[in-house]
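*Asks:* Line by line, the protein sequences are chains A and B. Those letters in the first sequence? Residues 1 to 396, per the numbering used here, in order. Those letters in the second sequence? Residues 1001 to 1396, per the numbering used here, in order.
You may find that some hints are simply not true.
[To be verified] SDA-like mimics (lysine to any residue), calculated; alpha carbons at most 20 Å apart, straight line:
#1 B/K1382 <-> B/E1297
#2 A/K230 <-> B/I1068
#3 A/K290 <-> A/R153
#4 A/K72 <-> B/E1208
#5 A/K382 <-> A/R336
#6 A/K198 <-> B/E1199
#7 B/K1072 <-> A/T228
#8 B/K1247 <-> A/E209
These are calculated hints, taken from the structure and not from any lab test.
Protein chains: 2
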Amino acid sequence: MANLYKEKIKQTYSILKEKDIDMWLTFVKESSITHDPIMDMFLPDNVTWQSAFIFSKDGTSCQIVGSIEEAKFKAFDLFDETIGYIQSVKEPLIEYIKKKDPSKIAINYSVNNTLADGLTHGMFLTLESYLNEMGFKGKLISSEEIVSALKGRKSTAEIEIMVKAVEETLKIYDKVTGYIKPGLSELDIAAYIKGLVKENGWGLAWEEEHCPAVFTGPDAQGAHSDPTGKKVEKGHVINIDFGINYKGYCSDIQRTWYVLKDGETIAPPEVQRGFDVIVESIQRAADFIKPGVLGCEVDDVSRNYIVENGYVEYPHGLGHQVGTQAHDGGCGLFPRWERYGNLPFIPLEENQVFTIEPRLPIESYGVATIEEEVLVTKTGCKFLSKPQKELIYIKS
Amino acid sequence: MANLYKEKIKQTYSILKEKDIDMWLTFVKESSITHDPIMDMFLPDNVTWQSAFIFSKDGTSCQIVGSIEEAKFKAFDLFDETIGYIQSVKEPLIEYIKKKDPSKIAINYSVNNTLADGLTHGMFLTLESYLNEMGFKGKLISSEEIVSALKGRKSTAEIEIMVKAVEETLKIYDKVTGYIKPGLSELDIAAYIKGLVKENGWGLAWEEEHCPAVFTGPDAQGAHSDPTGKKVEKGHVINIDFGINYKGYCSDIQRTWYVLKDGETIAPPEVQRGFDVIVESIQRAADFIKPGVLGCEVDDVSRNYIVENGYVEYPHGLGHQVGTQAHDGGCGLFPRWERYGNLPFIPLEENQVFTIEPRLPIESYGVATIEEEVLVTKTGCKFLSKPQKELIYIKS
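Here chain A stands alone, though its shape is the one from the complex (with noise of 0.2 Å):
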């Protein structure tokens, strides 16, 4: 990992000097309990008390931490300098800020990217007074910029080990179909798929109530709901959602399976046009994405197309970036929904990595929902996952 944050740091500078922001400042305090996300880029380990980690445009960086960490932040060896202090971070951070006498100063809140949003309210009031004090009240600007850069643009390093984890997720979905059948339960297929990632010894991409999401047959509660004692019924469509943490980098992959009913030997044919809608609108959407298109343009390429086959939306966004976190970078394919603040509206860089994942209720027989990862090119898309392009069969 080590690697990896340096090189991290070298393209924060290059940021920097590309968004034209003198310094960015990281405040953050008892880390381990809230967790500034953007700190996993540069560093290896939680703070105690109030730190700021500062890049300045200049190339230089500077870490302040409670003089009990500093040693070990220094052995990092990942800032030019470390200052410990004992009574207040606030006479050192001072100190340095005058020294640097930035003219813009982006700290870490932003109201649309969670990933730039590690700032808490309490934490933004005290920085500000101190930077008050200084006549810094109106240069203060958000993060995100910076963070979308840096989090959305991967490295080769991070592409390598980003292609291996949706490797190894689809190698897991391999001996998932070797394994479902009729009378086992969403929860015994979480737990065999558990016990695959734990002999590999690698993590899960979110919380383990949920990863993987097992859905079986009709009625299933839609995405982000935990597996139940459903058990797989002839007939039934299951969908899985389910990615691995690699490395520390996160793959989110999902796949659809059909269980044939006694004397059946293909699918029912509204089971396979709903799957064949989700195939072609993920297709569709691939095809669409390059650099400099927005996110809502993709997400209208696969909803209308899901709508215009006669089927109702999928209630969330088309997709999102992946990194270190399952939802990562900062623009995603996603409407224009309030809740999505202004990510649908940022153009798409070159090495950020998506998902598309439409999802379709198929009455009587279960959700069809395909979920890949592509990665932006020069001049387009690729997948990073062989794309799932015909229904899985499950004979019993």
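Assemble the complex: chain A is given as a structure, and chain B must be docked to it using the hints.
*Replies:* Structure of chain B alone, referenced to chain A:
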């Protein structure tokens, strides 16, 4: 846990009455990424989209969540009302608040108390803009008083679990005494302890990198540093800082050992004296604690005793609260240092649990530090941990 949630929710209503606060609103999103620690008091899961959890003085509650998560949160059966939304939390939130028409709303931020400061600044700006529209501009207050009471005042059920957590931690320390010997590294000892915790199916009280923290001999880095390859030698003072997470509640205990040199049957006088000063400073603090005293007054007692005996003062607070977090509650036994905000100046209350953990360096030998847990009672306090009164000897 479900009963604990219900117990804490019941307690919430009585605190709202006591403090005369009409409404307490916790506003969160993507809480697996930026987690508001207060959610753990009344909820078993995280949210994805903007969500509001509202308790009113009239004894009613409401949760407003993304529609996909509605069924899941309803099924927890903890809130009276559940509202799901698709495009924006704004309308249902405003409508609910209008209906209740509170004269004050406590929201989840605090300058002083990390556990009451889960609202990010970006989310604050969003919430503020919603509420300003309704003319609520001056009516927002910090929820720190509610959170401090709710987290601090442990119920009988909580205390039972915490007593057990301490008991099990002390049993592990007994085993560690039999394990330590010269030649083992700090990392070996940490691995041994982690093995015991895992065997029992418990969690660690804080990040596994430094839980346990193990320090052997002189020039140890001090608290909050990770165990290293440094090996135990004869003549070392050894200190371990460690706690488990038992049924959702943490313990946090430190013990001190001395490794006898060849021919020694007791520790050198300077080691014994340092140890005795720590023991006595803890006892004096415990004798002083009762409801109504201030944390900084308790810190004074230990700090002054140590300094009067010619040792350097410890570079941190004397103790903090413990609960679902290792650093819990709010007010603490803290010195009057800016970094602790108002937390040293809040009167102690019955049923709070505090650590007492002074430290002092014994030159050429190591660090003497003991950490006990005490429960504030009606008239004083009682030790939850059988206090360490004697230096534990390692014979090689």
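*Asks:* Work down the list of hints and note, for each, if the structure agrees.
*Replies:* For each hint, the structure was consulted:
1. Between B/K1382 and B/E1297 the CA atoms are separated by roughly 18 Å; this keeps the pair inside 20 Å, and the hint holds.
2. A distance of roughly 19 Å separates the Cα atoms of A/K230 and B/I1068; the hinted pair therefore holds under the 20 Å criterion.
3. At roughly 14 Å between alpha-carbon atoms, A/K290 and A/R153 fall within 20 Å of each other, so this suggested pair holds.
4. With a C-alpha separation of about 15 Å, the suggested pair A/K72 and B/E1208 falls inside the 20 Å cut-off, and the hint holds.
5. The hinted pair formed by A/K382 and A/R336 fails the criterion: a straight-line CA distance of about 25 Å is larger than 20 Å.
6. Of the supplied pair hints, the one linking A/K198 and B/E1199 holds, its CA atoms being roughly 16 Å apart against a limit of 20 Å.
7. Of the pairs offered as hints, the one joining B/K1072 and A/T228 holds, with about 11 Å between alpha carbons and a cut-off of 20 Å not exceeded.
8. The suggested pairing of B/K1247 with A/E209 holds, with an alpha-carbon distance near 16 Å, which does not exceed 20 Å.
Hint check: a violation occurs at hint 5 only; the rest are consistent with the structure.
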